[in-house]
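Chemist: So the sequences go chain by chain: A and B.
According to the working numbering, the first sequence is numbered sequentially starting from 5.
According to the working numbering, the second sequence is numbered sequentially starting from 157.
Think of the hints as simulated: they come from the structure by calculation, not from any bench.
There could be a bad hint or two in this list.
Stated by the list, open to error - Quick list of in silico lysine to aspartate or glutamate cross-link-like pairs, EDC-like style, CA-CA up to 20 Å:
id: 1; chain 1: A; residue 1: LYS207; chain 2: B; residue 2: ASP230
id: 2; chain 1: B; residue 1: LYS229; chain 2: A; residue 2: GLU193
id: 3; chain 1: A; residue 1: LYS207; chain 2: B; residue 2: GLU250
Unchecked claim - What follows is a list of derived Cβ distance ranges for each label pair:
id: 4; chain 1: B; residue 1: TYR221; chain 2: A; residue 2: LYS207; range: 22 to 28 Å
id: 5; chain 1: B; residue 1: SER392; chain 2: A; residue 2: LEU10; range: 54 to 60 Å
id: 6; chain 1: A; residue 1: ILE142; chain 2: B; residue 2: ASP230; range: 56 to 62 Å
id: 7; chain 1: B; residue 1: GLY292; chain 2: A; residue 2: LEU148; range: 51 to 57 Å
id: 8; chain 1: A; residue 1: TRP124; chain 2: B; residue 2: THR426; range: 41 to 47 Å
id: 9; chain 1: B; residue 1: PHE169; chain 2: A; residue 2: ASN255; range: 53 to 59 Å
Backbone N, C-alpha and C fix where the C-beta goes; we use that ideal spot for every residue, glycine too.
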Amino acid sequence: MPPVDLQIESLERSASRKRTFYRWLLFLVLGLFALYYLAPLYVMIVTSLKSMEEIRQGNLMTLPGEFLLDAWKIAWSGRGYTAGDVFLRPFFWNSTKMVIPAVVISTFLGALNGYVLTKWRFRGDNLIFLLFLFGCFIPYQAILLPMARTLGILGISNSITGLVVVHSIYGLSFTTLFFRNYYVSIPDEMIKAARIDGAGFFKIFFKVLLPVSAPIIVVTVIWQFTNIWNDFLFGSSFSFGEAAPIQVALNNMVLTSTSVKQYNVDMAAAFIAGFPTLVVYILAGKYFIRGLTAGSVKG
Amino acid sequence: MATLQVSNLTKNFGSTLVLRQINLQVSDGEFIVLLGPSGCGKSTLLNIIAGLESVDEGEILIDDYMVNRVEPKDRNIAMVFQSYALYPAMTVRENIIFGLKQRKISKEQTEKSLNHFSKMLQVDQLLERKPAQLSGGQRQRVAMGRALVREPHIFLFDEPLSNLDAKLRVEMRREIKKLHERLGTTMIYVTHDQVEALSLATRVAVMNEGIIQQIGTPQEIYDKPNSVFVADFVGSPAINLVPGTMAKTGGTLSFSPDQQSEDFHIPLSTYDFEKEPEEGKGIIFGFRPEQISLPGSASKSQIELELKPTLIELTGYEQNVTFDFHGNEVVGRLPRNAEAKLGKSMSLALELSGSSIFDQESTRRL
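Just chain A, same shape as in the assembly (with noise of 0.2 Å):
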């Protein structure tokens, strides 16, 4: 037997090669994933910066011999390609008329039904939200006919406001989900001290719970927002010719052009189609993991 440190000396050595071994093993594993998930987008790109010609004979995978951002141009505002060309500007602007105030609306509803279903609570309000948590099952095709039927006896079908309508509804047992099971975490305590300090129902509301709500705020924005961009079902359902939103556009491009397939144009407008979600992951995904996590607030 070898003198007891040396032994030591030996297991730990043993121990941190098992270690190093072990984390670059994890990384290689991460690695290979987040290729795999990236591929897609690189190829959207790639094939969007060259030429039919290029595309035709080339590989999926190789870089372009020369940028060539006229798909592009095509895709957003462009002109000359066959006729009844549908180019995604307007319907861009389309889909952030909607989406915004259907975002706002919602998550500021939502807000507002889970501190009540929380903070004010009444008689049946347990079943209230039951129904409301039985609204997020419902599918699409389901609500798709009586929402048509009563979007036109409003006199809102096809028309921005009648997507702002619908979605805001749709998203409103989402909503009131997440923000009540936040604010289920948030102690009464400071609803009861707000009382007794004089502030009313929307005060308390305003200047006690939604400053502490930035969290919960985050991921239903973000929810909402790829929900209501992405949408496809409502949008070519509730809407047509020019108040389409921007996914109906993108379809009627791609799938509805009579000559040769221009790829590199569908692809540039599939990414246009795609970024502002895209953009908002990467601007508050740190915030939305955090939210999702996040149980009480302490303090």
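Given chain A, put chain B in place with the hints provided.
Modeler: Then chain B, alone, in the frame of chain A:
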């Protein structure tokens, strides 16, 4: 001037009765502590006084006005909570003056009150900080500042010290006591800690299962508990309770414990019965740990005992020694130089004055 009167108050949550027939009179400047185990209804009672919970039956009167349907903000009360309940997004300054702002108090007056009370509570250096940047003790001070600054007629405290560590708790307890002596405002304080209750209160109301079991000065509660529950709940180490029967030996009343091995009686001739029980009745004999002492100064009200220690706990200044007393465990509080050895009988004296006797059936004091 602030008085509070609670009469015949009853409260249900669904089908559970939380408070039944509560009656409480608080005169101006009193410090009332509502003491009881968790779930006894003490916090609910406080919330009802504050107006945060509704009344099912009965009346709440503040300064002789019926306030059953008055909003919390209009009751002239302030409340300090266990979790401090500070507004996390506001600075200490904003927290303290939030209530004044809602009441549209002038800027000058607000600033004056803020200065006065933040100095008094030593938080004047912390005004620009957020609650998250404060320690537990500082948060509690700010919470008290928020209550004080409104200069309410009645202060309500809902277990304000429970979240603090042991040392800080004693410190803040002393400060609350000083504050009461300085301001002389009526205070109502909820706690489950009997030491807090005894040291702070001018009167203690011991609650259990939605009923006020006993209300009285800390001395009365400690010396003459009116039921086994109150006796057992107040005091640490807990009172020794030994079941037995009433006996009569040679014309004098005495107590003989159950399961006694030899003929052993404790004479009760000096005990001041409220209602003298019959011979043979099942009773519980209660005595405080400090009634056991080393023999020495023989007084008339003492009897001598030989007991075997079964457990010895040093508390620093003293030692709590558990003895086997006719099949029951009893605790004695002895000076630390008392030579107690496990399993070795020692002779002791039991002081009889200060004992309590309860009916076994009703558990009420006899």
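Chemist: Now look at each hint and say whether the structure bears it out.
Modeler: Evaluation of the provided hints:
{"no.": "1", "hint": "A/LYS207 x B/ASP230", "in the structure": "holds, 16 Å"}
{"no.": "2", "hint": "B/LYS229 x A/GLU193", "in the structure": "holds, 15 Å"}
{"no.": "3", "hint": "A/LYS207 x B/GLU250", "in the structure": "holds, 14 Å"}
{"no.": "4", "hint": "B/TYR221 x A/LYS207: 22 to 28 Å", "in the structure": "holds, 26 Å"}
{"no.": "5", "hint": "B/SER392 x A/LEU10: 54 to 60 Å", "in the structure": "holds, 56 Å"}
{"no.": "6", "hint": "A/ILE142 x B/ASP230: 56 to 62 Å", "in the structure": "violated, 44 Å"}
{"no.": "7", "hint": "B/GLY292 x A/LEU148: 51 to 57 Å", "in the structure": "holds, 55 Å"}
{"no.": "8", "hint": "A/TRP124 x B/THR426: 41 to 47 Å", "in the structure": "violated, 60 Å"}
{"no.": "9", "hint": "B/PHE169 x A/ASN255: 53 to 59 Å", "in the structure": "holds, 56 Å"}
Of the hints listed earlier, those the structure fails to meet are numbers 6, 8, in rising order.
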